[in-house]
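Colleague: Below are the chains, spelled out letter by letter.
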Amino acid sequence: MSDSSANKNNSPSKGMTIHLKIWRQARGAAQGKFVDYTVKDIQKEMSFLEMLDILNEDLVRKGEEAIEFDSDCREGICGTCGLVVSGVAHGRHAGTTTCEIRMRHYEDGDTITVEPFRAGPFPIIKDLVVDREAFDRIQRKGGFVSTNVGSAPDGNAILVPKEAADNAMDAATCIGCGACVAACPNASASLFVSAKISQFAWLPQGDPERSRRALAMIGQMDEEGFGDCSNHGECEAVCPKQISIQNIAKMRREFIRAALRG
Amino acid sequence: MTGNRVLDARIPAGPLADKWDRHEMDNPLVAPGGNRRKFTVIVVGTGLAGGGAAATLGELGYNVLNFCIQDTPRRAHSVAAQGGINAAKNYQNDGDSVQRLFYDTIKGGDYRSREANVYRLAQLSTGIIDQSVAMGVPFAREYGGALSNRTFGGVQVSRTFYARGQTGQQLLLGVYSALVRQIDAGTVKMFPRHEMLDLVVVDGRARGIIARELITGEIKRFAADAVVLATGGYSPVFYLSTNAVNCNATAIWRAHRRGALFSNPCYTQIHPTAVPQMGDYQSKLTLMSESLRNDGRVWVPMNPADKRRPDQIPEAERDYYLERRYPAFGNLVPRDIAARAAKVECDKGKSAYYSPQSVYLDFADAIKRLGRNVVADRYGNLFDMYKEIIGDNPYEVPMMIYPAPHYTMGGLWVDYNLQGTIDGLFVAGEANFSDHGANRLGASALMQGLADGYFVVPRVVASYLAGAKVSTVKADHDAFKSVENESRQHLQKLLAIKGKRTVRDIHWDLGRTMWDKVGMSRNRDGLLEAISTIGKLRESFWHDLALTGTDTDLNKQLEQANRLCDYLELGELMARDSLMREESCGGHFRDEHQTPEGEAKRDDANFAFVSAWEYTGPGKEPVMHKEPLVFENVELKTRSYK
Chain L
1 MSDSSANKNN SPSKGMTIHL KIWRQARGAA QGKFVDYTVK DIQKEMSFLE
51 MLDILNEDLV RKGEEAIEFD SDCREGICGT CGLVVSGVAH GRHAGTTTCE
101 IRMRHYEDGD TITVEPFRAG PFPIIKDLVV DREAFDRIQR KGGFVSTNVG
151 SAPDGNAILV PKEAADNAMD AATCIGCGAC VAACPNASAS LFVSAKISQF
201 AWLPQGDPER SRRALAMIGQ MDEEGFGDCS NHGECEAVCP KQISIQNIAK
251 MRREFIRAAL RG
Chain D
1 MTGNRVLDAR IPAGPLADKW DRHEMDNPLV APGGNRRKFT VIVVGTGLAG
51 GGAAATLGEL GYNVLNFCIQ DTPRRAHSVA AQGGINAAKN YQNDGDSVQR
101 LFYDTIKGGD YRSREANVYR LAQLSTGIID QSVAMGVPFA REYGGALSNR
151 TFGGVQVSRT FYARGQTGQQ LLLGVYSALV RQIDAGTVKM FPRHEMLDLV
201 VVDGRARGII ARELITGEIK RFAADAVVLA TGGYSPVFYL STNAVNCNAT
251 AIWRAHRRGA LFSNPCYTQI HPTAVPQMGD YQSKLTLMSE SLRNDGRVWV
301 PMNPADKRRP DQIPEAERDY YLERRYPAFG NLVPRDIAAR AAKVECDKGK
351 SAYYSPQSVY LDFADAIKRL GRNVVADRYG NLFDMYKEII GDNPYEVPMM
401 IYPAPHYTMG GLWVDYNLQG TIDGLFVAGE ANFSDHGANR LGASALMQGL
451 ADGYFVVPRV VASYLAGAKV STVKADHDAF KSVENESRQH LQKLLAIKGK
501 RTVRDIHWDL GRTMWDKVGM SRNRDGLLEA ISTIGKLRES FWHDLALTGT
551 DTDLNKQLEQ ANRLCDYLEL GELMARDSLM REESCGGHFR DEHQTPEGEA
601 KRDDANFAFV SAWEYTGPGK EPVMHKEPLV FENVELKTRS YK
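Keeping their order, the protein sequence lines are chains L and D. Going by our numbering, 8 is the number at position 8 of the first sequence; the sequence numbering is gapless. Going by our numbering, 421 is the number at position 421 of the second sequence; the sequence numbering is gapless.
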């Protein structure tokens, strides 16, 4: 028996019908609009993006332009995908990216709206694809330890308490998807920026540049036009990596510490 | 067809342990400051190899142009590596050493890799950990503050460093941090959402690339003094693989068409532990890290007819086939062996309840021994991922897994300096062929990516620039104009087909052929059939491809079509290479060449060589050249994990 025959054995015969309202916007257009689509035979095990793949194939077969959306790893780690699904960044299922959503969370006949991440500093490129380069520009200002290859001491030369390493890792799991910005009423990038500042603040390797980093990254965040944090907590709720809002508190302490030291 | 080009690997003379040091000493340098700024280096790819090389060349003061197809360099596919990175630190005092890591890697690769390259890799491994720690990579640590290790397949020491199940992500973010620092310093100019369409060769030297800006569709020329390709592997030739959906072979394949020889394309790694296939709508397969085999036990029901749920199958009616067949390594045999063993059981009809292509990976004993919390701490994120996909809770119901295409050991041929058969063209990371032979050990891809990126590429590119006396070539050179035109015409040709079959539809068919005939086991008839089927698929592609939109806009269907036309050529070369290699080794298993116990049977007398294929034109049979493998430091043995 050939291996690929497994597919057929597992495919249930009949799937769900799902109605979609998807944001379409031509490149360079100032405005877009919702367009209605209906997809049939959607299996519970399918991922949300696989449903969009199928819709795109139907569109191309009909001679229509496919809906553009970003995705890459399709397992929740690269941070490329990001859609607002029925009003919630990455959908209402906690702790997952858009690509990890499975259709088992939906019922036959459901209507789902699909929009891009909306925020002033994330301009829409086309359809559901947005420009998140503002995040890179913030990172450039201090999201690193200034050490050149070749200059490192032995990996165990500086011991790091397990708790500090674990806390740094909790912050470092940020995938830079931008859901925090899309969910925030102020379009603040505080959760993203604080995760990076916090990661380095927990580690002895990050200590020498602690003040400079906090001031520079926060400064660039403001310059990009991201709003202020007013503790709504929406960012933490949608974060696919469940980065804690405590990082924002830590970022504030880092900022004050740096500002006081001048 | 066999050719007779002499492939000089330029391996430095002297004892194995001294080769790299001696080479560093013997090679010319470029003095710091203005001299380095005069040289421009193109680096394609921003994963561990590409991003690491770009950042490090920037630190050294070269003028670097760095390209990636993603919207930001932090999303390169290295990000998805889960389990860990090997290094011969011997922090565990369990007898590890550079020599042992070298030996394990050569043996793991089934004696089909180059000794000198592998030894250098083992030597450089320790510096990678030091560098990554200094950059703030939050590796797992013990309570005393020291770095923690875990064990991976194919070895008997504990040398794998890790950051939960996200080691690739953390190492890539380390690379990305070094990269953004150089971008801010102005030494690296970053081109995100740019895809290389072709290589420009002038007077026999790689002098630049043609790239397409994916947002606007604009096709641009970039000239340089050297070109580094670090664009990853070609697993998506199988359509379903653990790779990201945009991973592609276009950069290396177009370089191949311009004269770079392609080595060992048939060496592909089928990873033993991925979530089983579900339906024909699927876009990818999800990997479950090899680290799970540290604590999980692999089994199938003894009786093929037994389709009960796993909790109803008593201990005595389970076959822990890896522990039975390989008592010395048990569940931690190398990937190729674990993958094939799963197929053998499933072919006998023994499988998990979910599908005829699935086996159990059971954590019940580990939870009993360690407690649920410890297991959750080690594998929690993987268990969550699994539960979301399959719907079962792996803390309670054994996980189900099946092998999936994951990594490709083959790639562009390179010499010891990672230079391809075109002068000035360097190939790093998974894109080259050099370090893993016929099978890569777990946690060694990250090691190779960073060894190449941080240490080897910066050094060998500098030597090339210092010694090559490269003339000035600018992007207005005729060669650039003509390659740019070819690239544009190629895309327009794709859009003009206006057929009925979608890219995905054709790619799916290619993938099924590759999986069934050029997958975990291969035979002569199947391979001949694959070559003929792929030829027909190419016809179908060029006559019946359906595309919409234009080439002057963001058009991901067009991007995928452009990549698929290369896979349709590469797939055939993989089948030809498999057909030529009348032996079984590592990930390449020919049904005709096995021992009575069903183990791979190598033929060192006739096949201890690297194949290096030459492109001879569209539709023409490629020519194979050989680089003999010389083993001076290890004795060729039959690999045994029993």
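Hints were generated in silico from the structure; no laboratory data involved. All residues carry an ideal CB built from backbone N, CA and C; glycine is no exception. Among the hints, a few may not be true.
[As the list claims (entries may be wrong)] Straight line, CA to CA, 25 Å or less: simulated DSS-like cross-link-like pairs of lysine-lysine: (1) 19/D / 500/D; (2) 62/L / 500/D; (3) 44/L / 307/D; (4) 62/L / 474/D; (5) 38/D / 474/D.
[Stated by the list, open to error] Pairwise CB distance ranges (calculated): (6) 309/D / 93/L: 25 to 33 Å; (7) 628/D / 219/L: 36 to 44 Å; (8) 233/L / 550/D: 41 to 49 Å; (9) 640/D / 87/L: 55 to 63 Å; (10) 216/D / 153/L: 40 to 48 Å; (11) 306/D / 105/L: 31 to 39 Å.
Colleague: The structure should be examined with respect to each hint, and the outcome stated for every one.
Modeller: Hints, one by one, checked against the model:
no. : hint                      : verdict
1   : 19/D / 500/D              : 56 Å, violated
2   : 62/L / 500/D              : 9 Å, holds
3   : 44/L / 307/D              : 23 Å, holds
4   : 62/L / 474/D              : 44 Å, violated
5   : 38/D / 474/D              : 13 Å, holds
6   : 309/D / 93/L: 25 to 33 Å  : 26 Å, holds
7   : 628/D / 219/L: 36 to 44 Å : 59 Å, violated
8   : 233/L / 550/D: 41 to 49 Å : 43 Å, holds
9   : 640/D / 87/L: 55 to 63 Å  : 59 Å, holds
10  : 216/D / 153/L: 40 to 48 Å : 46 Å, holds
11  : 306/D / 105/L: 31 to 39 Å : 33 Å, holds
Violated hints for the displayed structure, listed by number in ascending order: 1, 4, 7.
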